Each structure stands twice: as C-alpha cells, then as structure tokens.
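Novice: What follows is the residue order along each chain.
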Amino acid sequence: MEIEAYLKKDYIKNLVKEGKREDGRAFDEYRKIILDNGYAKEKAPGSCMVQLGKTKVMAGISIDIGEPYSDRPEDGVMSTSTELRPIASPKFESGPPNEESIEVARVIDRGIRESGAIDMKKLFIEEDLVWVVFIDIHVMDHSGNLIDAGGIAAISALLNARLPKYEDGKIICGEYSGKLPLTGTPVPCTMVKINDSILIDPSIDEEYGMDARLTISTTDTINAMQKGGNGSFNEKEVMDAVDMAYAKGKEIRRMITGD
Amino acid sequence: MEIEAYLKKDYIKNLVKEGKREDGRAFDEYRKIILDNGYAKEKAPGSCMVQLGKTKVMAGISIDIGEPYSDRPEDGVMSTSTELRPIASPKFESGPPNEESIEVARVIDRGIRESGAIDMKKLFIEEDLVWVVFIDIHVMDHSGNLIDAGGIAAISALLNARLPKYEDGKIICGEYSGKLPLTGTPVPCTMVKINDSILIDPSIDEEYGMDARLTISTTDTINAMQKGGNGSFNEKEVMDAVDMAYAKGKEIRRMITGD
Amino acid sequence: MEIEAYLKKDYIKNLVKEGKREDGRAFDEYRKIILDNGYAKEKAPGSCMVQLGKTKVMAGISIDIGEPYSDRPEDGVMSTSTELRPIASPKFESGPPNEESIEVARVIDRGIRESGAIDMKKLFIEEDLVWVVFIDIHVMDHSGNLIDAGGIAAISALLNARLPKYEDGKIICGEYSGKLPLTGTPVPCTMVKINDSILIDPSIDEEYGMDARLTISTTDTINAMQKGGNGSFNEKEVMDAVDMAYAKGKEIRRMITGD
Amino acid sequence: MSGGDNDVVLIKGNKRLDGRGFDELRDIKMEVSVLERAEGSAYIEWGKNRVIVGVYGPRELHPKFLQDPTRAMLRCVYNLAPFSVDERKKPGPDRRSVEISKVCAEALSSVVMLERFPNTVIDVYVEVLQADAGTRCAGLTAASLALADAGIPMKDLVAACSAGKVQGQIVVDLMKEEDNFGQCDLPMAIIPRKSEVVLLQMDGKLSRDEFKQAYKMAVDGCMKVYEMQKNTLLGSMNKFVGVEGGVENGD
Amino acid sequence: MSGGDNDVVLIKGNKRLDGRGFDELRDIKMEVSVLERAEGSAYIEWGKNRVIVGVYGPRELHPKFLQDPTRAMLRCVYNLAPFSVDERKKPGPDRRSVEISKVCAEALSSVVMLERFPNTVIDVYVEVLQADAGTRCAGLTAASLALADAGIPMKDLVAACSAGKVQGQIVVDLMKEEDNFGQCDLPMAIIPRKSEVVLLQMDGKLSRDEFKQAYKMAVDGCMKVYEMQKNTLLGSMNKFVGVEGGVENGD
Amino acid sequence: MSGGDNDVVLIKGNKRLDGRGFDELRDIKMEVSVLERAEGSAYIEWGKNRVIVGVYGPRELHPKFLQDPTRAMLRCVYNLAPFSVDERKKPGPDRRSVEISKVCAEALSSVVMLERFPNTVIDVYVEVLQADAGTRCAGLTAASLALADAGIPMKDLVAACSAGKVQGQIVVDLMKEEDNFGQCDLPMAIIPRKSEVVLLQMDGKLSRDEFKQAYKMAVDGCMKVYEMQKNTLLGSMNKFVGVEGGVENGD
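From first to last, the protein sequence lines stand for chains A, B, C, D, E and F.
For the first sequence, this note's numbering gives the first residue as 3, with consecutive numbering after it.
For the second sequence, this note's numbering gives the first residue as 3, with consecutive numbering after it.
For the third sequence, this note's numbering gives the first residue as 3, with consecutive numbering after it.
For the fourth sequence, this note's numbering gives the first residue as 63, with consecutive numbering after it.
For the fifth sequence, this note's numbering gives the first residue as 63, with consecutive numbering after it.
For the sixth sequence, this note's numbering gives the first residue as 63, with consecutive numbering after it.
Fair warning: there could be bad hints in the mix.
In silico DMTMM-like links for lysine to aspartate or glutamate, alpha-carbon gap of 20 Å or less [to be verified]:
| hint | chain 1 | residue 1 | chain 2 | residue 2 |
| --- | --- | --- | --- | --- |
| 1 | E | Lys238 | B | Glu177 |
| 2 | F | Lys238 | F | Glu177 |
| 3 | D | Lys152 | A | Glu44 |
| 4 | D | Lys286 | B | Glu237 |
| 5 | C | Lys172 | C | Asp66 |
| 6 | A | Lys172 | B | Glu129 |
| 7 | E | Lys278 | C | Glu237 |
| 8 | E | Lys274 | C | Asp245 |
| 9 | F | Lys152 | C | Asp245 |
| 10 | D | Lys164 | B | Glu101 |
| 11 | E | Lys286 | E | Glu86 |
Beyond 12 Å from chain C on every Cβ pair, some chain E residues (computed) [stated by the list, open to error]:
| hint | residue |
| --- | --- |
| 12 | Glu98 |
| 13 | Glu122 |
| 14 | Gln229 |
| 15 | Gln231 |
| 16 | Gly266 |
Residues from chain B shown here face chain D by an in silico Cβ test under 7 Å; the list is partial [claimed, not checked]:
| hint | residue |
| --- | --- |
| 17 | Val79 |
| 18 | Ser81 |
| 19 | Glu101 |
| 20 | Ile104 |
| 21 | Arg108 |
| 22 | Arg112 |
| 23 | Glu116 |
| 24 | Ala226 |
| 25 | Met227 |
| 26 | Lys229 |
| 27 | Asn236 |
| 28 | Met246 |
By construction, these hints were calculated from the structure, which means they are not laboratory data.
Predicted model only: the values in this text are computed from it and were never measured.
Backbone N, C-alpha and C define an ideal beta-carbon position, used for all residues, glycine too.
The whole structure should be built from the sequences, with the hints applied where relevant.
Specialist: Spelled out as structure tokens, the structure:
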C-alpha cells in the first residue's frame with residue numbers, strides 16, 4: 003500500500019510540473035458536485051449525500067433536547083463527528099475516531115460554529131433545556147478532499163433540517179415544528195500545494211502527492227482556517243488562497259442554496 | 003491450538019459417521035446436569051452454579067433500583083451479561099466481551115425476556131422507578147454448550163432469587179421482601195449438525211467439529227431461536243429440532259423446578 | 003532496554019555488596035529534596051513540583067463540588083490519580099494508567115486518606131453536596147522512588163491548597179474562601195532490599211537491582227504500608243523499616259511544613 | 063417484541079398498515095457497483111431501509127496468527143449510522159450490532175468459496191443509513207450482491223427475508239411498527255438453490271405450527287428476493303460478465 | 063477503614079460479632095482439581111468468601127517482546143464477579159483489582175521456580191464468586207494450591223492471612239463488618255518455611271507496638287492456613303504424587 | 063470565540079487588560095535541558111502558561127509495519143495536565159488535544175531532517191502544566207528548543223505566536239480573557255529564515271484585510287520569539303556546541 007502511495011506521489015508531482023492534473027481539471031477547478039438532499043429523511047430531521055467527483059460523504063442531523071453549556075446557558079448546543087467508515091477506503095479500520103477523522107470533524111465544525119450559521123439563541127427552550135444538534139458525517143467513499151465534501155454535506159443537511167415537535171418535556175417522534183434556524187451558508191475550500199503550484203479540491207492521489215494543505219471556510223468573512231501537511235506556505239500563497247476560497251465559496255454556496 | 007482444533011474436528015466427524023460420540027452418549031442425550039442453587043446466596047439475591055458434564059457455569063442475580071425505559075414506563079428492566087472468564091479455557095483472554103460472549107448472553111436473554119418469565123409489571127415501584135434485574139453469567143470451565151449451561155443457570159438463579167427490601171427510596175442491604183415474580187421456566191436446547199447428523203448438547207470437541215448450530219428456547223411456545231456456524235439446515239432438520247427442543251426442554255424444566 | 007536493566011542490576015548488587023551506592027549516599031540517606039510550592043498556582047488551587055534528586059514529580063489539586071458517597075453522606079470526597087507521562091521515561095507509553103501508576107496512586111492515597119490528613123467533615127456543604135478534592139500526580143522525570151516523590155508532592159500541594167469560593171450552588175472561578183482544612187502531614191518512606199541490605203530512597207538503577215520494596219507512610223502512627231517486588235522480608239527487617247520510616251518521616255515533615 | 067399485549071391496530075380487514083397483504087414484501091430496489099474504492103458494492107432500498115454494502119478482499123490477514131492456511135476468513139461489520147434511527151445512536155458497535163455482524167458473517171461464509179483463498183480475509187461492511195426493521199435481511203441481501211460485484215466466487219447467492227406474527231396473524235417482511243408492536247420476528251436467510259437456511263433468529267412467541275407457517279412464508283419471501291438479486295446482477299452484466307466465480311445462473 | 067469513629071459494636075466481652083476469639087480464624091475449606099480445562103485449580107471457602115483459582119502454563123508468552131529469556135513471567139488476574147458483593151460490581155478490572163493482581167503476582171513469584179521456564183508465562187486467575195473481606199488472602203492461599211495442583215515447581219507454598227485492629231483490639235482475619243468499621247486492616251502472606259513476608263499491605267492507624275502485635279498475629283494465622291494447605295494437598299495425593307516439583311514436604 | 067457580542071471590556075485606551083499594547087507579547091522565559099531522562103528538553107513560561115517539552119529518539123519504531131524506510135516519523139503528544147485549567151480536565155486525550163498534536167507534529171516535521179533517520183521515530187511530548195491561551199504556540203516554540211537540545215538536525219527552528227481580533231482591534235498573542243471573549247484567534251508558526259508558515263489555524267470572523275493584518279502581526283511575533291529561542295540556545299552553548307545538526311545560526 004505504501005509503495006502505491008510513493009509511486010502515486012511521483013506521478014502526481016511530475017504531472018503538476020507539466021501543468022496537468024490526472025483527471026484533466028484546471029488547477030482551480032472543482033470536481034463535479036452532486037447533492038442528494040433528504041437522503042435519509044424518513045428518520046433524520048436533516049440529511050444530505052454529497053458526491054464530489056468520486057468522493058461520497060453523507061451528513062445526517064440528529065436533534066435532541068439537553069442541557070446548555072454552563073458558560074452559555076441561553077444557547078443551544080451543536081456537536082460534529084466524522085466517521086471514516088472502513089467501507090470508504092482500504093486503509094480505514096473500524097474503531098474509535100483517529101486523528102484524521104477528528105481533524106475533518108473539527109475543521110468543519112469551526113466553519114459552521116464560528117460563522118454563526120446556526121442561530122443558537124433560537125435553540126433555547128427553557129431554563130436548563132436547549133436543543134442539541136448533532137452533525138454526523140459519514141464518509142462512504144474516499145477519493146480525496148473529505149473536508150470540503152463533508153462541509154458541503156453538513157451545511158446542506160442543516161439547511162434542510164426540521165426542528166422536532168416538543169410538548170410537555172418530550173420530543174414527539176417523527177413530527178416537526180418548523181425549520182432549524184439557519185442564518186448563513188459557510189463553505190470550506192481546500193487547496194493543496196504540490197511543488198510550487200496550488201491545486202483546488204485535491205483527489206486522493208493528489209493528497210498523496212501534496213506538500214501542504216490549506217482549508218479556508220468562508221461566509222462573508224473568513225470563519226475557519228486549517229493548514230495541514232509537512233510543508234509550508236509563503237504569505238503570497240496564503241493570501242491568494244484566501245481570495246480563491248472566497249470566489250469558490252460563493253459559487254458553491256449558490257449551488258447549495260439554489261439562489 | 004488451531005492444529006488441535008483441526009485434529010479434533012476430523013476425529014469427531016469420523017466418530018459421528020460411525021454413529022458414535024466421544025463420551026458414549028446417544029445423539030439425543032444430554033450430559034449429566036447438576037444444579038447448585040444459592041451458590042453465592044450470602045451476597046447475591048439469586049444464584050446457581052450449573053455443571054453440564056464438565057462445563058461449569060455460574061449465574062448470579064443482582065437487583066437494583068433504577069429508571070424504566072422511556073417506551074415502557076411501567077415495566078421493570080432486565081439485563082443479561084456473559085463473561086467468558088479466562089479461567090474457563092486456554093483460549094479466553096481478559097478483556098471486554100467478544101462476539102462469542104455477546105451472542106451467548108443475547109440468546110439467553112431473549113429466551114427469558116420473550117417468554118415473559120419475569121413478570122415485568124410487578125417490578126414497577128413508583129413513577130420513574132422500577133426494579134432492575136441483572137443476570138450475570140460467569141463461565142468458569144468451558145467444555146462445550148455454554149448457551150444451555152448458562153440458560154439453565156440463569157433461569158435457576160432467577161427462580162431462587164429474592165427481591166430486596168425497599169424503604170424510603172433505598173434498598174435495605176441483605177434484607178428481602180419476597181421472591182422475584184417469575185411466571186415460567188424457559189429452557190434453551192442447543193443442537194449441532196455434524197455431517198448430516200443432529201447431536202444435542204455438544205461437547206467442546208463436537209463444537210470444533212460442527213457444521214452448524216441451532217438453539218431453540220421454549221416454554222409452552224418457542225421464544226427464541228439462533229442459528230450459528232457456517233453450515234446450513236434444511237426444513238426437516240429445523241422442524242425436527244423444534245420437536246426435540248420441546249421434548250428436552252420439558253425434561254430439564256422438571257429437573258429445575260423439581261416438579 | 004532489558005539488557006540495560008540486567009547490567010544495571012548486576013552493577014548495583016555488586017556495589018551494595020561493597021557497602022556503596024552509585025551516587026555515594028549512605029544506605030539511610032535520601033537524595034536532595036527541593037519543593038516548588040504553588041508551581042501552577044494561577045490555575046490550580048494547590049500545587050507543588052518536587053525534585054527528589056533527579057526525579058521530578060508534580061502534584062496539582064483540583065477542587066469541585068459533587069455528591070458524597072452514599073455510605074458517608076457527610077464527608078467530602080478525595081480521589082488520587084497518577085500519570086506516568088511518557089515524557090518521564092523512555093519506557094512509559096501514552097495510554098490509560100497501568101498497574102505501576104495505579105499502585106503509586108493507591109499507596110499515596112491510602113497514606114493521606116487513612117491518616118485523616120484532610121478533615122473530610124469540613125468538606126460538607128449541604129445535603130447531597132460536598133467538596134471533591136482531586137489529587138493529580140504527574141510524573142515528569144523518572145529517576146526512581148515515585149511513591150515518595152509523589153507522596154511529598156501531594157501532601158505539599160494539599161497544604162498550600164485553597165478552597166474555592168462557593169455561592170448560590172456554583173463555584174466562583176479563581177476566587178477562594180480559605181485554606182483546605184488539613185490536620186496532619188503524612189509522609190511515605192520507601193526502602194528497597196538489595197542482597198541483604200536495606201537502602202532508603204532508591205534511584206532508578208537501584209529499583210532495577212532490588213529484590214523487594216517496602217513503603218511505610220506515617221504521621222504519629224503508621225497509616226499505610228505496601229510491599230512490592232518478588233522478594234521477601236523477615237520480621238526484623240520489617241520492624242527496622244518501621245523505625246526508619248518514623249525517623250525519616252519526621253525529618254521530611256519538618257522540611258515540608260517549615261516548622 | 064412487546065408480546066403484543068397492547069392496543070396498536072396493525073391489521074385492518076386483510077390489509078396491513080401500509081396496505082400490504084400478509085404475504086407481500088415491501089418495495090425493494092437494488093443496485094451494484096455504487097462505490098469507487100470498495101472492490102465490490104451494492105445499494106439496497108427495502109421499504110424505508112437504505113443500506114450500502116462494500117466488500118474488500120481477499121486480502122492478507124493481519125495479525126498473522128489469525129491466518130487460516132486452509133481458507134479465507136470472512137468478516138462482517140454491520141453498522142447503524144447515528145442518524146439512521148429515530149433517536150440518535152451513539153457511534154460505535156453495541157451488542158446488537160456485534161451479534162448481527164457475527165450471524166451475517168456466518169451466513170455469507172456458507173456460500174463464499176473461502177477455501178480458494180487461504181490466509182486471507184474478506185471484509186464485508188454493511189452500512190445502514192436509514193433503518194426501518196429488517197435491516198439485517200436487507201444488509202445480507204445486498205452483501206451477497208456486493209460479493210458477486212467484487213468477483214468473489216460463490217456457490218450461490220444468499221437471499222434474506224423475515225416473517226413474523228402480528229395480531230395473531232403470520233405475515234412476511236415486518237415493517238417498523240409491526241416489529242415494535244408485533245408478537246414475533248423471524249429473520250431468515252437461505253441458499254436459494256438448496257433451499258437451506260443459513261441465518262435464522264427468532265424472538266417472541268410462536269407455537270410449533272405457527273413457526274412452520276412463518277418459516278415457509280420467510281422462505282417464499284427469500285425466493286422473491288433471489289429473483290430480484292439475479293435480475294440486478296443481470297442488469298449489470300456488461301461489467302459483470304467474465305469475472306471468475308460470478309453467479310452461474312445469473313443469466 | 064473508617065477510623066473507627068462510630069457506634070457499631072464489633073466486640074462484646076471477649077468475643078467478636080460471629081463469636082470468634084481475637085486470634086481465631088473463620089472456618090476454612092479447601093479443595094484442589096476442581097476445574098477440567100485449567101491445568102491446576104483450587105477452591106477455597108473462607109468464612110463467607112468463595113473463591114476459585116485456575117492456573118494455565120507455563121505457556122509461550124505473546125507478544126514476543128515481553129518474553130524474558132532468563133525466566134517465566136507470572137501474571138495474576140484477580141476478579142470480583144458482579145454478583146459477589148452487596149452492590150453489583152460493574153464487570154471489568156477497577157483500580158483496586160489491578161493493584162491486588164499486582165501484589166498477588168509478586169507474592170507468588172517469590173516461591174515459583176520461574177527460572178526453569180524461560181520465555182514463558184504462567185497465568186493465575188483468581189475468581190471471587192462471593193466476597194466478605196479477606197478475598198486477597200483467600201485467593202492467594204488458593205492460588206498456591208492451584209499452582210501445586212498444576213505441578214509447577216515451587217520452593218514452598220504461600221500462605222496468607224490478615225490481622226487488624228477493631229475497637230482498639232488487635233484481631234486476626236477480619237470479616238466484612240470488622241473491615242468496614244474497624245481501625246486497621248493488615249493483609250499478609252508469608253513463605254512459611256522461611257517465615258518471611260511476601261505480601262504486606264496496611265491501611266488505617268497503628269502504633270509501632272500495635273503493628274508488631276498484629277504482624278505476629280497475622281503470621282500465626284498464616285501458619286494455621288499453611289497446615290490446612292498441606293493437608294489438602296495430602297488429601298489429593300493420589301493425583302499429586304510423582305508430579306515434578308510438587309511441594310516437597312507436602313506429606 | 064464567542065463572536066464578541068458581549069459586554070466584557072478587553073481594551074481601554076490603547077491598552078489591553080494586562081496593560082500590553084496591541085503588538086506586544088506577554089513575558090516569555092525559556093530554558094533547555096530541564097529533564098534528566100528525556101534526550102532533549104525545554105521549559106517555557108509564556109505569560110501564565112507553563113509548558114515542559116521532552117524529546118526521545120530517533121529510536122526504532124514499533125510496530126514494524128509503521129516504519130518508513132525513507133524517513134523518520136515525528137510524533138507529538140500534546141497533553142493538558144488535569145490541574146492546568148480552571149475546571150479539572152479529565153486525564154487522557156480529548157479531540158482538541160488530538161488535533162493540536164497532529165498540527166504540531168506536521169509543523170515540526172517541516173524543519174527536522176527526518177530523511178536522515180529512516181525506520182525510526184522521534185517522539186515529542188508537550189506537557190502543559192498551566193494553561194492560559196496560546197499553549198500550542200508555547201508548546202511548539204519549546205518543542206523546537208527541545209529538539210535542538212536533543213541534538214536532532216534541523217534546517218531551522220520553528221517559532222510560534224498567535225494574533226487575533228479583540229473588540230474590533232487586531233492584536234498579537236491573546237491571553238485567556240481575550241481568547242474567551244474576542245472575535246478571532248489565529249495561532250501560527252513559521253520557519254523564520256524562510257518566513258513561511260508551517261502551522262496556521264483560525265477560528266472566528268475576519269475580513270480579508272483584517273486577516274492580512276493579523277497574519278503580519280503574528281509573523282512579527284514569531285520573529286521576536288525566534289530571537290529569544292536563539293538567545294536561549296546560545297546561553298546553553300557549553301552543552302550545545304559541537305552537537306551535530308544544531309541550529310546553525312544559533313551563535
């Protein structure tokens with residue numbers, strides 16, 4: 003397996019030197035994105051299956067009632083988990099989340115949380131009782147760029163999510179009282195540096211070949227950033243990446259919201 | 003160890019071809035069953051040590067107070083666990099329950115639960131408070147057929163179990179207010195298929211040699227079934243097994259209840 | 003690594019035969035003890051970094067509110083944990099506490115708990131609510147005798163610990179209402195047997211070379227003892243160790259309390 | 063199973079809650095080759111159940127001492143996604159999932175030609191994305207499609223279907239409400255060509271005769287599922303033809 | 063130990079709660095070869111304690127990097143069954159069990175001729191089925207019987223017994239109430255022929271002189287236990303004679 | 063980040079809560095060779111943060127299948143002591159620690175000459191004993207000192223510092239209150255000689271121009287930290303001179 007990764011790395015680096023990508027895309031071109039909103043709508047209050055090229059990631063929303071955090075007694079709670087299911091790659095194993103899945107979950111979480119996309123104040127029910135929103139990201143087929151695929155799936159699932167009906171201290175299963183209150187559409191945009199080029203939306207092979215990775219999640223502001231990989235970026239590269247993330251974020255946002 | 007298993011497998015298959023079992027039993031004959039009720043009665047409200055041939059399994063009952071399940075607010079709770087203690091076999095290791103011990107526990111649990119042997123309605127104490135019955139099955143010496151040995155131990159321990167005294171929201175340790183309310187005596191009966199023969203109550207060597215396994219737990223009805231192993235059964239074999247399970251269940255039930 | 007341990011063992015045993023220790027100490031001599039009280043005082047209500055020769059152990063106190071144990075409804079709660087951090091030795095690994103760290107924590111815990119050094123009655127707040135005192139012992143540099151280093155750090159941290167301010171059912175972070183109520187200064191004293199000699203305060207190499215270990219924690223009485231290692235002690239050795247523990251305990255106590 | 067001692071009406075006239083007759087299956091859709099990375103995969107929609115199965119292997123088994131020099135090991139992981147059920151399921155295997163994984167692996171082991179691949183492991187991952195009773199039958203049905211899709215030689219497919227007892231009536235293929243408030247659930251899986259049972263679990267209350275009736279009804283259900291499986295593989299023929307060990311009468 | 067500052071009366075006249083004198087042990091029964099699969103085993107009933115011990119090995123130690131080329135490793139697992147105590151104990155090792163397992167393994171290592179079996183492991187499993195104070199002493203006593211039963215060569219048996227302080231009085235072999243409400247517990251184990259201590263733990267409050275008295279009382283208790291151990295092995299002679307490394311003066 | 067929508071006053075006049083100007087770092091003290099057992103170590107006091115870092119390796123990596131024949135693996139464990147924060151942190155890694163460990167390992171991997179030590183592992187342990195915002199920057203800064211102290215060859219040090227936005231103002235090196243009630247935190251680490259970023263995380267709300275300003279401010283902070291690092295290594299020269307692979311311009 004590791005030998006495969008080395009060979010892929012060489013192959014990708016040579017391609018990029020020639021200005022090419024293995025699937026013929028431009029360096030600043032995303033793979034095709036297909037959204038299947040409400041994929042599990044019979045059970046999950048919100049859900050979306052996203053295909054990003056051959057990468058397939060599902061996000062499902064669960065909503066429960068619970069206690070607020072003690073330092074934010076009037077805000078709802080959100081929690082994001084990612085599972086790199088073993089079905090998605092010959093390299094994933096069953097077991098508790100590893101550092102890769104934790105990073106994916108935390109970067110997606112920050113993009114949503116920091117943008118204020120969920121109106122947490124509206125998730126207050128009564129003293130010591132708030133709505134708790136679980137975002138579960140299920141990686142089904144890993145062909146690269148899990149953060150963007152998962153981030154798009156998560157915000158799409160939130161946008162189509164309904165709030166359960168709540169009566170007399172209990173949730174009425176399968177009945178809903180309206181939409182989950184959303185106020186924005188944060189979109190993560192991930193770029194990798196290979197040699198001295200910046201490529202957007204890396205495939206799995208390009209991830210083998212990358213020196214470093216940079217994710218930038220935007221709404222009308224930057225809300226989250228994460229550098230990954232053993233390489234480094236200079237200032238110009240970072241600033242160009244910010245501009246790119248704004249531009250691509252806008253396109254993808256339009257696709258998600260259908261506006 | 004595995005080589006031993008292979009040799010045993012061949013040996014057993016050849017014996018069965020000749021219509022024999024290694025300990026001289028008939029195909030439809032159980033090993034000798036010895037019950038030691040109240041084995042740990044100084045601490046456990048109910049207990050039984052069962053010897054099934056050389057297999058030794060202990061069941062102990064613990065009873066606590068707790069919350070009911072939200073979908074059954076007026077029923078008590080029961081919970082069955084099995085531990086294949088490393089003392090019982092050179093192959094068992096310390097650690098959390100593996101799939102074998104989980105299967106044993108769940109099949110025994112279903113036999114008891116589905117038969118309604120414990121009168122759950124009588125375990126209601128007051129709103130949001132019910133009796134919780136823990137059945138812990140401790141495998142001490144594994145010479146085959148853990149499901150039957152454990153199932154017999156579990157129902158025997160339940161039959162001799164006492165309900166703790168409850169006053170002012172607390173259990174009075176070591177004092178009792180009567181018997182645990184039981185209404186039936188479910189008995190599991192396990193058969194294995196070797197070549198085309200069906201053998202009841204397999205020894206450990208016969209378990210190495212088996213193609214498939216079938217457990218049927220009965221009272222006056224069938225309450226639980228579980229097929230195990232990589233082989234298959236045809237319809238006639240299954241129906242014959244049902245008849246056998248009723249017949250053997252009756253005999254063992256008589257032994258347990260002493261009627 | 004193990005070869006190193008064997009060589010060390012031989013070296014130490016031969017030294018001891020000649021009446022010597024590798025660092026020139028007498029058999030009944032402690033290494034130099036340096037206390038840094040309040041090492042983490044900006045966050046921890048009590049803390050102490052202890053150097054015992056080249057061994058470095060930190061104890062930090064955390065104080066929270068919680069429920070009392072049901073059999074002691076009017077007493078506070080204390081809980082002692084030790085972490086052998088991987089920074090402290092090439093042999094330690096990240097992960098849950100192993101048997102060595104559990105033993106260190108439990109022996110230190112017993113010395114403090116059984117001496118009554120913390121006045122548990124004064125940790126009662128109101129019905130079903132008491133102060134919970136966590137003692138976390140963090141091993142930073144393991145050059146032998148963790149029990150004594152940790153025990154000295156723990157009692158020192160307790161002695162300088164403050165009780166948080168409590169108002170309206172909540173702890174006011176960073177404000178304090180006085181000292182933690184202490185009534186004594188238990189001190190553990192650890193000796194090892196090498197050949198037929200008893201050495202106090204073993205270095206890490208002496209721990210490799212020891213036959214058996216004996217820890218005795220004293221105030222004005224003996225409060226905790228623990229024998230370790232595969233060797234044995236005769237009665238005279240045990241009684242001599244008790245006398246030694248009283249004598250050394252007194253000296254160290256004086257150093258801790260500054261009296 | 064609640065023992066059925068309650069007031070939920072599950073049968074009216076000769077129709078069930080969703081209008082089905084007693085021997086009628088829910089709508090089923092199947093598809094193979096739905097994943098890129100897995101060596102074989104299948105998707106099944108069975109009523110409201112949505113399940114994706116992926117297969118990896120035969121591949122080397124680690125750690126080595128688990129290897130069997132006479133045959134491959136077949137492992138199965140059955141997993142309920144947290145959002146697949148009404149109340150969020152905590153991630154990670156619970157005891158129910160472990161048991162289902164075990165009986166599914168045993169059922170599949172009865173048809174896969176494991177002896178051809180000594181020292182290896184075949185991994186079958188069953189991902190339940192929406193659950194509405196009968197997920198183990200749906201998963202097992204999709205799993206044998208995914209194994210075929212991976213080109214792994216099998217003696218036959220495994221086809222699965224449950225029967226049960228609802229308001230005193232033996233019916234096939236229980237939906238969620240029938241499972242919750244019915245009197246018995248009998249999930250089964252068979253090797254269709256031999257008509258032998260490879261998965262059989264039961265809980266509830268059935269007399270001998272009721273069991274016999276339910277058993278036959280489940281086998282009939284399995285045979286209908288088997289026809290759909292064959293048609294699905296036939297539909298993916300372009301891809302499938304010529305792969306060693308495909309389902310021989312898949313045409 | 064509660065420090066004894068309470069009103070529970072544990073001693074009346076010169077008798078303890080169960081009528082014993084200060085230097086009197088509870089009733090003890092021992093038996094060896096009680097299990098089929100284990101290579102050696104023993105059962106002990108000590109007051110209300112009921113403990114079964116099984117021994118496996120010497121057998122190869124995995125993983126290999128743990129092997130010691132100069133001697134066997136002796137491991138011990140002390141386990142309280144969930145139903146062995148008043149309030150159900152959650153399955154799995156807690157910190158107390160881990161500590162007891164460690165000190166018991168060390169105590170047994172002092173007598174077993176480990177250097178005869180390099181690279182191997184001897185596993186001792188102590189299963190407490192009913193617990194009433196003194197389980198580590200009961201377990202250790204039974205463990206050395208089980209080791210002898212397994213034919214593992216030892217220099218001597220290990221015999222164990224506790225002493226303690228109850229209402230100001232030094233007594234031997236504390237029962238549950240004395241352990242809960244007493245002032246000190248001192249579990250010990252010795253190599254009887256050398257009269258050296260191999261397990262010694264203590265918690266509570268004892269002066270130097272009280273400790274000396276308790277120490278002697280515990281040793282006396284151990285010696286009585288040792289006699290019972292020898293008689294037990296003698297009683298199982300038929301099976302035991304001729305096995306290499308048996309207790310040499312077991313006759 | 064709370065989004066800053068609250069009443070906590072963090073800036074008064076042109077001064078921050080602790081009297082610092084916008085571009086001013088907290089007091090920082092550094093020391094190397096503070097531990098005996100670790101092969102390299104460093105201590106850093108950064109405001110109220112107190113962090114000790116120890117380094118082991120290069121040493122053989124187990125299990126073997128993780129070994130990379132082309133280079134060493136660099137692992138990092140970032141650990142918050144239970145008593146290092148206001149409310150006791152349960153021991154063991156949480157998700158935040160796992161993420162920080164990962165990004166720190168990646169940042170350090172960019173400067174360590176890993177290709178010189180194939181098949182080995184270098185372990186970096188970051189122990190936070192008192193935490194007050196900016197622990198990952200403090201840890202990373204100390205980690206590169208500890209690596210130098212261990213004599214592990216590096217192309218340069220890694221210097222770290224955060225910037226952020228507080229009450230609409232871009233400031234450097236956030237303290238705890240600013241982190242809790244500010245609008246953005248931007249921890250960064252750079253390779254000083256190339257002025258390239260090797261760690262960059264951000265959460266909160268920043269416009270493009272604010273980000274640019276914060277980025278520059280963080281780089282300036284890193285450069286100040288770098289000077290202190292060099293002085294610290296210079297101060298430990300006696301020990302340090304002549305060790306292969308030391309920081310070349312450390313003099």
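Novice: Hint by hint, which ones does this structure get wrong, listed from lowest number up?
Specialist: Violated hints: 2, 9, 16, 17, 18, 28; rest satisfied.
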